[in-house]
Structures are given as C-alpha cells and as structure tokens.
Amino acid sequence: MVRVLKLELRGITKRFGTLLANDHIDVVVEPGQIHCLLGENGAGKSTLMNVLYGLYEPSEGDILIDDKPVSFRGPGDAMAAGIGMVHQHFMLVPVFTVAENVALGAEPTKAAGFLNLDETRRRIKEISDQYGFDVDPDALVEDLPVGVQQRVEIIKALVRNAKVLILDEPTAVLTPQETDELLDIMRQLKSGGTSIVFISHKLREVKEVSDTITVIRRGKVVGSAEPSAPTTDLASMMVGRAVNLTLDKAPAKPQEKTFEVRDLTVIAPNGQHVVDGLSFDIARGEILAIAGVQGNGQTELTEAILGLQERVSGSVQLDGKELLGRSVKEVLQAGVGFVPEDRKVDGLVGTFSVAENLVLDLYDKPPFAKGISMSPAKVLENAKARIGEFDVRTPSAAAAAGTLSGGNQQKVVMARELSRPLRLFIASQPTRGVDVGSIEFLHRRIVSERDQGTPVMIISTELDEVMELADRIAVLYKGRLVGVVPAGTSRDTLGLMMAGIPPEEHAHTSQAGPATATTTASTPDAEGDDYV
Amino acid sequence: MSENHPKHAAGEHGRPDHKDPHHPSPAEEETAAVVSVDTAGGAMEPSAVPATAQSGQLPGGPDTLLRRIFTGSGMVSVLAVLLALIIGGLLIASTDKQVATTATYFFARPTDFLSAVWTAATRSYIALFQGSVFNPRGNSVAAQFAPFMETLTIATPLITAGLGVALAFRAGLFNIGAQGQIIVAGILAAWVGFALNLPLGLHLLLVLVAGIIGGALWGGLVGVLKARTGAHEVILTIMFNYIALYFLRYLLNTPAFQRPGESNPISPILDATAVYPQIFGSQYRLHLGFILAIGATVLVWWLLNRSTLGFEFRAVGANPKAAQTAGINVSRSTILVMAIAGGLAGMSGVAQVAGTEKVLTDGVAATYGFDAITVALLGRSTPWGTFAAGLLFGAFRAGAVQMQIQTGTPIDIVLVVQSLIVLFIAAPPLVRAVFGLNPRRKKPARAAKSRQAATTGGAA
Amino acid sequence: MSTTVSSPRPGTPQPAGTDNGTATMSAKPVGWKTPVLLTAFGLIALVFFGLLAPNQTASFGISTSEDFFQLPALAVNAFAGGLVLSILLLGLAGYAVYLKTKGRPAPGWLTITFIVLFVAAFLIWVVGGARTPTISLAGLIAGSVTLAVPLVFGSLSGVLCERVGVVNIAIEGQLLGGAFTAAIVASMTQNPFIGLLAAAVAGAVVSMVLALFSIKYLVNQIIVGVVLNVLVSGVTGFLFSTVMQANKAQFNSPPGLDIIEIPVLSSIPVIGPILFRQSLVGYLMYIAVLVVWVGLFKTRWGLRVRAVGEHPQAADTMGINVNATRFWNVTLGGAVAGIGGSFFTLVAIDSFTKEISGGRGFIALAALIFGRWNPIGAFFAALLFGFADNLQSIVTIIGTPVPSQFMAMLPYLVTVLAVAGLVGRSRGPAASGIPYVKG
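Chains as they are written, first to last, in our numbering: chain A, -10 to 521; chain B, 28 to 487; chain C, 49 to 487.
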C-alpha cells in the first residue's frame, strides 16, 4: 500500500543573473530516509529545495523520481509527484481556518464549485489523531501558536499524500522542547514510509535524527557524512576551514551599574503583556545577553527601551536619567547605540547610499548639518572613514545599501552605531544571516566596545552566540525573565530556561518528562558551539 | 558532460546571498531587482519613485556612458513621449475624414491612405507646436513667440502643483489632492485679493501667503489624519478634492464671494494691487508666478537634497520603519510633507486667481491638480524633472487650443498623450520591447553564451 | 543582580505571540476612537436635530399611487422626533463607551444602528425645516437605489480587484468606458442588449490594461489607476467630440433599457419599486451582489482569490497561479464596472456626454472601503451614498436651509470619517497593492 519513492537530483544548477546559487548539485534521497542538507545560512539549501518543489526552474540539471526524469512547471506538479514542503516562513493564510488552508489548491467541492470542507476536516482529524497533533480544523491560523502552525503545514503535505517531505529550517522558531517533539514526529513519519529532506545548520539536531548528511557550501556539495561523524568535522566541512569557534575575550571587568530596568511592562495592541514586569541591570564594561526563543518579548523589550512602543510602564534608567516616555531621538541622544534585529527593515534604508545610511541617525548633528542645511562633503568623508575602519565591501560610498551582502549591511549598521560615544550599546541578533568572516569581526567589535567601558546588551536567539559573548545571561520566556545566570551556565540549563523552567526547578523536572531529551543531546559539543 | 561547462567560481561573483527569500527569476530579474530594493523584499508597497531616485547623491554605477544613454531613464523618457505621440497621431488619423475616404480604396492605392494618415497626424502636431512654441505666421517677433509665453503661463501652476505631488511621492505619500489644495488656496487668496484693500506690494504678498497657507492647511489636514488614524492618504486626498470643490461652489453662492449683481457663481475681480505683475508687459499673460515657480523648484531641490528635513522625508519615504528606528519622527514628517506639498499646490491656486484668471470660479483648478500627478510622474519626482515635465505638459495644453482651432482636433487628445506618456515611462521594459532594444537583459545572456561556446567548442 | 522570576508554566511551551518585527507600521491602538466619535455625533444630533430643531411636523409619504394598498403618511414632529432619536444615539454611544471600559470593541451592529438612526434624525430635521415639510419616503428610497446602481457595480469591481490583491483606482475609468461603449454600440446596432455586453467588454479592456501594467510591468497600481482614469477620459472625450457629435443620430442615440415591472410584486409599498420595478441593469445589480458574495466566500474560486489577495506566496506554493488569478479577476472586475457604466447611457440618460460618470467611480471606491471589502457591505454603503445623492436633489426642491452643496459633500465627508476610524479597524486584504514577484 505504501508507495515508497526514490528521489534524485542530478547536476542541479541555478543561476540568478550572474549569481550562482546552486552549482551542479547531486543528491540522492533513498526511500524512507531522513536525509539532511547541512549548510550555513546562504549556502544554497533553500534555493535547491525551491527548485525541487517547482518554485524555481533549474538553469541546468535533472530531477529524477524512481530513476525517471521529471520536470516541474510549478509546485502543483511537485505535489502531484508526491513531494511536500514545509517552508521556513510558513505558507499559511492567517485569516483562513486550518481546514481552508489545508484545502487550498486541492479543494473538495460540491456541484458548481461550491466548497465542501467536511472531507478536509475529517482528514485533518485523522492525521492529527495519528500523530498526536491536536489541531482544530476550524481554528483561525492567525490565532495558533507557531508550533501548531508548523503542524498545519505538515498536515497540508500529508493530506496530499506526500512521499517526500522537505522541512526547511523547521526548528528556527521552536523552543528546544518543541524541537524535540518535531524530531519525534519526523521519526514517526519515517517509520510510516515518508522520506524527509531535513534542511538545517544546527548540528545537534542533524546528528540526532538524520540517516545521511549532505553538506553544502557556497552552492556546491562539499561532501557527505554519517551522522556519527564528529561535530567538529561537520562544522569545518560546512564552513570550509577549521573553525576556531571560541572568541578570545578577556574576562569582564564590570564597573558601576549605569543601566537599570525596573518593572518594565509592554502591552501589545491586543492587550497582551508582551513584556511583563522585567527588572535587570547592566554594569559598565559588561555584556548582558538576553537569550530566548524568538517571539518571547525580545523585540518589544528593545523597542520599549528605544521609545518605539506605545503602551509601556515601569522604569528604564541610563546614567540615572529616565528613558521611558522620551522620543527615539532623545533616547539616541542620551548615548544609546542600537542595532535592530532586522537590519533590512529597521536598520537600513535599502535605496539610500551607504554614505547616507552611515549618518541615518546623525544627519542633523554637526558636522553633517548646520541648522537644517546638510553638508554632503562631510557625509562622504565620514563614509570613507567608516568603510575603511569596518572593512565594508562596497563598490563605492554611493552604492545603494540594499545591494550589499548581509554581512556588509550589518557592518554598515554597526559602524554607524559605534561611530559616536556611547553610554549603552544594544545589539539585537547582531550576526543573523551574516557570513562567518563577518561574524568574528562583529563579535570582536562588540567585545571591544565593552572593554571601553560601555554597558552592552545583546539579544540573540542563537544560544551559541549568547554563550560566546555573554558575561551574564538573562533568559526571557513569554515576556518574563526566567532568570539571570552567569556566563558558564550549561546548555541544558539554558535550554530548559528558554522553555520557561527556572534553574532552581531543574532538579526535579529533569527527572521526568520531555526535558531529559535535551540533557542527553548536547553536553560533549562545547567546541561545536557556533552551529549547534 | 558537466565538466564542459564553464565553471563560475563562486568566489568570483561573491557569495550567493540568500537572506532575501524573494528571488527574481532571470526573466524578471531587472524589474524585480528594482522592486525588491524598492519594497524591502515585498514588505512594503512599491513607491512612485524609482529606487535610483531615492538616494540624495547621484547613483554612480559602473555603467558606461553609452549604455546609460540607450538603456537609461533619459532615453526611455524620450522614447515614451515618442510612442505616446505616435499612438495619439493614429487616434487622430482614425477619425479623420480624408483617412476614412482613402481607406475605402486602400487596396487600390494604399499610398493615398498612408499619406492621409501622415497628413492628419502631422497637421495636428504642427498646429500643436505652433500653438505652444513658435508661430512662424506671427506678424512680429513678439507675436511669433506669443505661444511660448502662453506655454510658460500654463506651465506655471502645473510646475508648482507637480512639485507638491513629487515631494509627497519622495516621502512615500500619494498626494492625489493637489486639486483640492489648489481650490482652497484659490478661495483664500481670492478673498484676500478682492475683499481687502491694502497697499501695493503688501496686498500681493498677503494674497500669496494666504494661498500658500490655504493649500498647506488642506494638505496638512490629510497629513494629520494619516498620522493620527492611519487612514490611507489616497482615499483622504480624493475625498478632500470633492469636499473642497463643493465648498467652493457653496461659497460662490454666498454674498461674501459672489460678484454683486451677478447670478452666476463668480467672484469679483481681484484688486489691481493683488495680482501678479506681467513679466513682459501686457502683451503676454506670463506673470510673476512663473518666476516664483522657478524659485519653488530651486527650493524643493535644496530641501530634498541638501536639508535635514529632506533627508528625513526621503528616509521616511523609502523605509519608514528604519527612519523611525533612527529617531526620525514619522508622524511629524508626514504632516510636514503634506503641508509643504499643499503649500506648493497652493502657489498654483495663487497663480490662477492672481495671475492667469484674476477671478475665482468653480473652475479655478481646471484639471491642474490631476495633471500635476502626471507631471510629477513624468518628472520622476525630481524637482527639475518635474519642472521640465511641467513645461512639456504646459506646451501640450497651450498648443491644444491652437490645434483645435486650426485642425478641429479636440483638446482631449492631450489627455490621451499625457496619460500614455506616463504609462510608458512607468514601464521601461515595454518601451524597450516596442523599440526592439533590451540590451540590459540580452547582453549578459549573449556574453555568457559566447563564453560557453568558446569552452564547448561550439557544440552548444 | 535583580531577578524577577515569573510564575513558570512548565508543560507545553508556546512562544508568546509571533514575530511582529516586520508587522505593519502605525499599528497604534484604535481603542477610544469609535466611542468618542459616536459620542460626538450623538451630541451633534442632540443639539442640531433635537434642541435646535424647528417645531414643525415632518411628513413622510410611504405609499405611492401605484401601490395596491395605501399606507398612511408618517408624520413626525421634528423637535420631538429629533430629541428622541438623539437620546437613543447618545445611549448607543454610551454603550460603546461602557464596552470600551470593559476592554471590548463596539460590535458591528452598534455602528450600523447608529448610522441608520443618525440618518433618520437628520432626515427628520431636514424635512422638518423645509418650506414644504413633506416628502415621499418611498420615492426617496427608490430614487436612492436607482442612483446607487452604478456605485454598486463600481464597488463590486473594487471588491473583485482588491480581494485578489490589486488596488483599483480606475473604477471611474471603467464606468466611463462602459458608458461610452454602451452608447456607441447600442446606437450603431440599435440594440441595448448588445450595448450592455459591449460595455462589459469595454470595462474589461480598461481593467486588462490595469492588470498588464501592474502585474506584468510591476508599475505601482495606484499610479496605473490614476493614469487610466485620465486616459479613458481623454479617449472618450476625443471620440465624443469627433465621432459622436459629427453624427449624433448614428453614434449617440442609444435605445434605452426599459423598466421591467414584475406584476403584483412591484405594487408592494416601499419594497416593490426597489426590488421589482427596475431596469435590466438594476436586476443585474442584485444578482451581481449575491453572486460575488457567494462566489467569494462559498466557492473554490473565492477561496483561491482570497488566498492570492492575502498571501500570494502561500497560494503559489499550493499550485495556484497567482498572476493569472489576479489578471482574470481584475478583468472580471472591469467587466462588472463596465455594466455599471452602461447604466448612465442606457437607463439614466439617453445619450453620452463627456465625463458622464462625474466622479462616481471614486464614490464607489469609498463605498468599497466603507463596506469593508465585502460585497454586501459595499452594497449598503453604496445605497447610503445613493441616498445622500438623492436627498441632495430633493432638498433643493422642498427648500431646506441646508445648502445642496453640503448634501453633495456628504458621501465624501462620511468616507473621510470612515477611513479615519468610525468603521473601526477596517483591514483590507493583506497583499493588496503589492505586486507578486515569483520566487
């Protein structure tokens, strides 16, 4: 009954103009396997899968199913051939119900095209029961938590009888516990005869669940590996050189505490307390890292400090002066440097030149402006200095910032924020989507800012970045502080804290329940930090 | 076989960069690239301003001069105008009697038909030219240049209102409301002009100020509503146009505005102290407003490219979230931009009541407010581009009158040509396709192919 | 080190909320806007329609002579009626305030009831202050429906386009194109039905240009819409001056579409003339509203259309051709608006003149927004605007103190209030206005 399917990609090449995203990639996914594509952000994994799913047409190469070449003109063809895909950014219509989303594209109808979703509801219940998904077919997708939305995506594929399921970075938005549940689901699917292509850059998960690993770097297959291969080997294959994953950083010399947050609460437009009674402080010469799964109030916390949130209460004091209730401009003038989490949206004006972006929050200050008159010469002069200092790779200072690579864009933002004397430096996801070379550079700059005696606050969802940079670690969960722990705290403890379990309760929770999975997984991997 | 393919070393082209999920397919690469820069990867609506025009500095790319000429916006603009004129000409010819007659024996003598088409179209355009630039049949040099002066006169309100629309575009706002702003400015300016008795100089100054304030209030109100409630400015400005128009119609029926002893809705003539002096004497209608329009163009250029305010406007227009994060007050910018845009449109209202018409009627704005949108679009929302576009459309308007008298071609043809120009300019790939030049897309492909041919020994 | 430890909730861990870093701008809480606006309007009603109302009896005729049974005219003392209604209005506003303090938004029925009562109070005030304080309510409503016909078609066109993700500012052009083509084709063929069909084709052609430029060439949709209005105005104006005026008999004397009365039913007071005494275009309007509503919310087509308008990428990954869906929907929208345009030349007036649509495309756009992108909502919004339009001509006849220009202004003022928050959080389709670049 279960038709098992062998999938082969042969010599797949994909060009975008002059950009070579995939270069003659060969991958064979054996039936009933979990095949992992391992690679850095931007290595070309997602492009490859979009080719496989019919979203892109390959420039060269063939897709073979059970050794017969096929060609997909669109996702419809791919789905008909038994391929399903769960995208990194969910492809769900927020204002539709689960059933409507699942039915979309292959809607059961009565006469004259009228929808008949009863069959869809039944199938959702069936699959939901089989895998223990607990999904209500009539719930609105926008009301569902991220983890459940992901299950809806999986249901979408299963309803269409997918024999090969592509999961693109599925764990990026999940807590460690949700991740473990997902890995369980993957194993279940495999035993039910579904092959899985698992795309990830997180070594721990990859090692735990895969049958075969293909490593991709810069659009090429650089090799394959067994899941039992040592973590460091996988990491260096992925990155392309032996990786020194630890940062040389002197121990912190904390001085007086100049930044204090007390009872900070942020209320979202829907009335939810997205930041709920936070209190913490940061000393000069110290890095406090805020850890947590994405969407637990980090964005709102930084926005509240910066003056971008409307409904805020509590107190945020810098050098004894209150920041809450002041405009963004005033906060920046008080000496706050801010690197936002999404540089494309919040940090840069993509169509502005690099030079203009380098003065985006300084344009009205001397020497760039006298009164309301600006001096282009000074702006250019500044740009040349910053480009040199931060080694920004750009054709010229007049090039549009949007055309630079992610790492260079981040350097522009960082260069701008560090170019003035700071009393507090906040960097949110400072290295998201940034290449390895730039990561090292950016991390060194952050540490050197600390060493100059600036209090530094890093917000990161990457546990490794947190562990590498932090002098102290505060963990956020559902807008609240689960605890503040010293730098050397173990990955297990942090993982549990990210799931909302404070350190003092770990003793008994780790005895039972799903938390044990984390404990077994990670301890020996300290050297594999950056990618776990 | 794969070894035969030229290897593009990844390093040579830089790392494939994938943080942006929107990847253009090669066929749409060019437009898509511009759009994705324009919209932060589709997160925002595309703006009216081409991405290259949003930065203050000139985009200095590695383009060769030659390629810029043939593929750049300048060439596209010229070709767009040409294409629009051709289509307009065909429309004129299609309703021409001679053309219809010759068409009946088209297969017998096609040359008759073609020459009739050519005559019909060119006759109208020659009349258009003579009515807008230079009339060789004028009996003095002054009369020969009269059409050009008329062009400048009509261009005046187009330029200032166009600047208002362009400025708002640059700040990411669709100001469809120049029409209403002109009307409100006209109301205030006219009232100051005919109701108050003030000394020479001061009176005119007050007329100008009243008009600018009127336009600024009407525009600024939209800005306030947008900033406070998030209402879309397109809807607001469209509605405000009609509100202003009906308010004007109401006023023109009240004793305060209606000319005594007149049953038509028309105001008294403005005092002599309240009208713009004519630049070249009374033989031309051209008035001081045109000089002020030049001044406004310089001012807007400075504002956008050399002032902190303009930097804010452009930043808000290109990426409001980043602007806000950088400490720019987006609400303040929105209100300010709409007020300044309204003030500029207000200058058009003043030019109408204190310059060209000297009275207030419900036709004070004519269609200048809507034409201003096309003017700004044709000018790519840059100040001097808008100025040039204002002159061009001013010439169309002025010439169309002459054209109608000489050849009977209705003025409406100007609307057709005008809107076609803007449509074509907005879609450069279409224009290039029509004229058979799409070098930007073909060049790399051809280059790649020839390289491939070299390595594969022509086997491809 | 200070640590605020929350009460932990072990078990199913769920991230709070989703990542709203890229959420839309200006997501300010709207909270107090609706209650405050309602209260303000309640007070206006109390002062003007209640306390300052003339002590005269306003009389509203309900039956017309054609009805098969007669109802007595409704007579209301303007002062008393205004007072009662405005107190009811303030009561509703008070309830909205109360709900707000409980943290709940005002429900939809509250706003709608408020609008209906406010209009009634206004009507009593206007008629009560007139020189001849008598109007035919039946005639007023029937006239409103007639005037609303092109508005309804126009706003349905807007619904069809915006639901699929394309902003349609070109409704005006589609109406005008439809009106022109209906006139010229009906004149040449001497057949109004062919004219009607041609109007649909003309509207569709205008829409195709919109679709081509905004979907294929990724030109900003608002720009294309604005420019198309000018283009259609120019082309129809040009052809009117050259072709139609040269030979009016041949090109501009279309036979009209007659009013079709359905026997018996059309004699029901008030409802009869509205539902059963209409032209073919009028009946088509009711059918179109129902078909579009059912189609959008009950059929496969509608599900796909809405998916494309809300999240085109999701639709694409489910094998739906986003740009083709958009293209054909926009085209369909144009055809619908074109039929609406034929109303001008085949029903209302018997010939085409320049700018015959007179800005009604923009009122239709307003109706679409006021009706919250819903066909039924747009229908009632269009009726309201048709009502205002009709009232404007009636008050001129019965001689009220309100200048007719202010009545004419009403739809636009109402729309400004609507988009500024009276209708609450009106949210259009998420992807409307954003071109879809595949991949």
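The set of hints was computed from the structure by calculation and includes no laboratory data. Idealized CB from N, CA, C, for every residue including glycine. Heads up, a few of these hints could be off.
For the chain A half of the interface with chain B, some residues (derived, Cβ under 8 Å), not all of them [said to hold, decoys possible]: (1) Q298; (2) V301; (3) L313; (4) R315; (5) V317; (6) P329; (7) V334; (8) G339; (9) F341; (10) D353; (11) S362.
Here's how the hints hold up against the structure:
no., hint, verdict
1, Q298, "violated, 12 Å"
2, V301, "violated, 16 Å"
3, L313, "violated, 16 Å"
4, R315, "violated, 11 Å"
5, V317, "holds, 4 Å"
6, P329, "holds, 5 Å"
7, V334, "holds, 5 Å"
8, G339, "holds, 5 Å"
9, F341, "holds, 5 Å"
10, D353, "holds, 4 Å"
11, S362, "holds, 6 Å"
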